[in-house]
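The whole structure should be built from the sequences, with the hints applied where relevant.
Note that the working numbering has the sequence shown beginning at 32, numbered continuously upward.
Worth flagging that the hints you see were computed from the coordinates, not collected in a lab. Just so it is clear, CB atoms sit at the ideal spot from N, CA and C, and this is done for glycine as well. Be careful, since some hints might not be right.
Claimed, not checked - Simulated pairs of lysine-lysine, DSS-like, Cα-Cα distance not exceeding 27 Å:
no.: 1; residue 1: K61; residue 2: K51
no.: 2; residue 1: K37; residue 2: K82
no.: 3; residue 1: K51; residue 2: K62
no.: 4; residue 1: K62; residue 2: K37
no.: 5; residue 1: K78; residue 2: K37
no.: 6; residue 1: K37; residue 2: K61
no.: 7; residue 1: K51; residue 2: K37
Stated by the list, open to error - Label pairs and their computed distance ranges (CB to CB):
no.: 8; residue 1: M76; residue 2: Y52; range: 19 to 27 Å
no.: 9; residue 1: R90; residue 2: K62; range: 15 to 23 Å
no.: 10; residue 1: Y72; residue 2: N112; range: 19 to 27 Å
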Amino acid sequence: MTLIEKLFSTYRQWERDWDKYSDEGGEHMKKPQSHDELIAYFEEMHKQQIKDAYNQGFRDGLEDWNCEHLRDVSECSNAENYYNETFNK
32 MTLIEKLFST
42 YRQWERDWDK
52 YSDEGGEHMK
62 KPQSHDELIA
72 YFEEMHKQQI
82 KDAYNQGFRD
92 GLEDWNCEHL
102 RDVSECSNAE
112 NYYNETFNK
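Now the structure itself:
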């Protein structure tokens, strides 16, 4: 399942949960997370996908240069910088 498919599925379930919570008055069930919390979760997942893709591209480029000693860039700060610069975060 792609991230966007998961978002749509989760959002539909979120709407059903809120409808049920509203219909029952919320007395016997846990209050669903807020809209902002739901969106923040998926924004963070999207950010991580972009950083992972950046790092994978970096690793793939290193294969072309035969730099095996530089292969572990999973914590590369450049991915964070790339995301922030690209998406103005």
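K78 and K37: Cα distance at most 27 Å? holds (15 Å)
Quick check: does the Cβ-Cβ distance between R90 and K62 fall within 15 to 23 Å? violated (43 Å)
Would you mind confirming whether the straight-line C-alpha gap from K62 to K37 stays at or under 27 Å? holds (21 Å)
Just to be careful, I want the Cα atoms of K61 and K51 compared with a cutoff of 27 Å; is the pair within it? holds (11 Å)
Check the hint pairing K51 with K37 against an upper bound of 27 Å on the C-alpha distance. Answer holds: K51 to K37 is near 21 Å, not above 27 Å.
CB-CB spacing for N112 and Y72 relative to the 19 to 27 Å hint: holds (23 Å)
27 Å Cα cutoff - pair K37, K61: holds (22 Å)
Checking one constraint from the list: CA of K37 to CA of K82, max 27 Å. Satisfied? holds (19 Å)
How does the Cβ-Cβ distance of M76 and Y52 compare with 19 to 27 Å: does it lie in that range? Since M76 and Y52 have Cβ atoms about 24 Å apart, the given range 19 to 27 Å holds.
Hint consistency between K51 and K62 [alpha-carbon to alpha-carbon, up to 27 Å]: Within the cut-off at roughly 10 Å; holds.
Of the hints listed earlier, the one the structure fails to meet is number 9.
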